[in-house]
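Q: Model the full structure from these sequences, guided by the hints.
Chains as they are written, first to last, in the working numbering: chain A, 139 to 467; chain B, 9 to 362; chain C, 5 to 288.
By construction, these hints were calculated from the structure, which means they are not laboratory data.
Any given hint could turn out to be false.
[To be verified] No more than 30 angstroms apart at the CA atoms, straight line, and that leaves these computed lysine-lysine pairs for DSSO-like:
1) 176(C) / 225(A)
2) 225(A) / 178(C)
3) 264(A) / 197(C)
4) 199(A) / 176(C)
5) 176(C) / 150(A)
6) 225(A) / 307(A)
7) 266(A) / 178(C)
8) 239(B) / 406(A)
9) 199(A) / 197(C)
10) 283(A) / 264(A)
11) 225(A) / 197(C)
12) 406(A) / 301(B)
13) 283(A) / 178(C)
14) 197(C) / 214(A)
15) 261(A) / 197(C)
16) 18(C) / 283(A)
17) 264(A) / 178(C)
18) 461(A) / 239(B)
19) 283(A) / 176(C)
20) 178(C) / 199(A)
21) 158(A) / 433(A)
22) 266(A) / 176(C)
23) 218(A) / 197(C)
Just so you know, these numbers come straight off a predicted model, no measurement behind them.
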Amino acid sequence: MTDPLVKIEHLKMYFDVPGKGKLHAVDDISLDIMPNETVGLVGESGCGKSTVGNVLIQLLKATEGSVYFEGKDILKADKKEMAELRKKMQIIFQDPYSSLNPRESVETILSDPYQIHGMYHGKELKQKVAELAEMVGLEPYVLEKFPHELDGGKRQLTGIARALALNPKFIICDEPVSALDVSVQATIINLLIDMQKKMGLSYLFISHDLSVVRHISNRVAVMYLGQIVELADTDEIFANTLHPYSIALLSAVPHLDFDNKKERIVLKGDVPSPVNPAPGCRFAPRCWMARDICKEQSPELKEVCPGHCVACHFWEEAQRTAKEQVIDG
Amino acid sequence: MTKVSESEREIKVSNQTKIKKGKAQEHEYSLPVDPDALLQIRDLSVEYRASGAVSKAVNNLNLTIQKGEAVGIVGESGAGKTTTALSIMQLLPDRVGKVTCGEILFHGQSMADKSEKELNQIRGKNISMVFANPLTSLNPVFPVGHQIAMSLRSHEKISQKEADERAAALLETVGIARYRLNDYPHQFSGGMRQRVGIAAALASSPELLIADEPTTALDVTIQAQILELMKDLQTKYSTSLIMITHNLGIIAELCQKVAVMYGGEIVEYGSVREVFSNPKHWYTYGLIHAIPKLTGPRERLESIPGLVANAQNLPEGCKFHPRCSHCTGKCKTEIPPMRTINADHMVRCWDTEA
Amino acid sequence: MKLSTILRRMRKSKMFMIGLILLVVMILLCATAKFWVPCDPEVGSLLDRHLKPDWFAKGLDGHPLGTDSLGRDILSRLFVGGWVSLKISFVVTLISMFLGALVGLVCGYYGGVVDMILMRICDVLAAIPQLLMAICIVAVLGSGMGILIFTLTVTGWVNTARLVRSAVLGMKNKEFVSASRVLGANTNRILWKELFPNTITQLMIAASGHFGGTILVETSLSYLGMGVAPPTPSWGNMISDGRAYLSSAPWVVIFPGIALALTVLGFNFLGDGIRDVFDPKNID
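A: Below, the structure is given as structure tokens:
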């Protein structure tokens, strides 16, 4: 049993909302990411998935909890340790437009990581940058271009190259393909998978797009209002969905499958506010199977089948509902 | 596209036709007028002109919508989908957007011939539109009920009270509680705002609803609500629908026919089932195989090489040829005509073995 | 950006070229003034007072632009005085830009108490009309070149600070700044290498406007007798001198007026042109 590369323990991120209380963006998340693994973090807007990414990469300061990277608690790291850590943990942002400095050419952008850490100078640096660009599939002419002269796909490739520059072990991909056209998405997804194999990377792949997450992840965690409600291997979670929210999420995705027409579960209402959440299961107000106990007691994330965790009091019933859904069309 | 049950002959698109600005009568149309059609777009070409650059957004588009039919227009950014929608509504930006060829017939009458007054009557009442961004398509300083009522009163002579009552009923139809009639847009979430937008669009029971990426900015579960709502409303009011999106799944669920757009042209057209399970154009094929699936084996995604066609610099011949792995010499110089494969399927491609 | 691109854009921008030419000519003439002007700008013969301009009929030996009430050659005074005005404005603008940029960067990036205090100071300074403030300071401290520069700087940096601050506020939460932080960049690097270059265009535009504005204020002060002290010429005190003789010898006022107008116009055009040239988003 290898040790996890990243171990998130009881992570909490609360924001103060003046006049209203505390916003529970991330509420007690625990998750392991193994070396060479892609864990998909899926959920809708407001569920806290991007916040998890930002806290891991230390753009935000966690309210509570620990994050262990290669065994060391990074939230308590000092400046020197942080500098080293920066080389091992990187992030790819969603917006290819604002994640690049508009005044820097691609070559400069890709040189930044090396300059910050004082690695490579002059000719050597130029060479390294050229290699980096080639690795992600950017043609040499792109190096002297500025971000606004490139399309979304090339900008995102630049962002990815930048993240790979320091040879990290772990990359947080925060919705890396959501802002791109379909044909470009495929290029980026393929590249990410190739890079993982080539460099032995681990990814935390944050997205709201279930199909993309399914394609790239080994394991998937579903988030709702700051909590993980289900966690399992990809194939398992899609074939054997246990949490009512996950079931509804899956059934909500419009798909091209003409032969397996499913009766869709449509959730009522909107996502409630994560400010001062009520006790009990966060999903209860919208859950079609909610009982009294759901409103009083918050279910814990428990392993109910090997490798499959779910936070629901009535997961067996939910499982049955999911299976009954398929109607042959 | 006329009803193809009549014949199997190849429809020649007269791409040698000289484009005469504005004078539609002198143009030799490629397809006859369909008298039963609700909306017929014939040989439409639209250009955008700004600071010297000319953008050929739509090129020789032909599309027919029947009553009660739901047609999806799918394509990536820059394909010309929104421009087509705005052209139908005669809402192209003043001076910048120009229809250089073709006409749009609504109930057999050319939209271009109508006065602004007549168009205002049609917009909102006969043809309605739902836009992509629910944040910006509602006026922030008026309560939502007021905006719906305003739309009603501009088309029908009813009292304010009656308009308010109907607005409230409409809100209920889209799943928003009646008492929220006097709330402002910022008090609603994105999904609810979009529903208000749909309510406003359906207020006067239009014959045709154009939805331009209505769920792109929304979460998946909210999107599901909106799609179910649109399905319901379609059955209830038999409104014709043009659904513009880049999401193939939405079209599969909502529409009967689909038109795939690339570089301002329709490159493939037919029933949703036909086109998606048996794509004949390499672009459609590429799109379908570039999307990861929710079911089935996880195969490596096929990306379409190259860049999306730039409307300011369109290639000669087939607009997709620079990116097509099956490109031949002919493709580079001649624009392929729309070829009929069967009653449910037409494609614009020189490759007959696709 | 490559030098060749910058040069190409410069040539393409009409505004930039007009402004540049105007200013280059003016600055050259003024800078070299003491070498080529025919007469001593501070001394004149009363016998020659209010001579009409002879428009180079006698070349530089006569008085091409006439003389003033003390018989001093206007041409000489114009360009020597112009150099005085330009020098003062240059120093003031430089200091103001630097101070303003520094304050703006710090306020925008750090925010919090620092931001609040500095911005309130800005508000106070901005609320007082520049001329009034200048008059008060001069009244207390007396006039003189140093004091003049101090006076003009005291209020000049405020606008720049606000400009830079709002630019930084808009940028600091952009993902490219986060990316830099994640790569391990320290605050210094983020401030000067990521944020500052993105404010340069605005700074240059602000500087050109500031230059022109400063000359006007200095001129006004000199006009009021509180700026450059006679006999040293300055466009302002030349206009002041000539005011009483506007109907009989208008050239005493007109020429410094025209010079002033052309210079400020030149700066304004240059400022507009700079935006065209240096914004990488302009597709050439």
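Q: Among the hints numbered above, which are violated by the structure, and what are their numbers in rising order?
A: none
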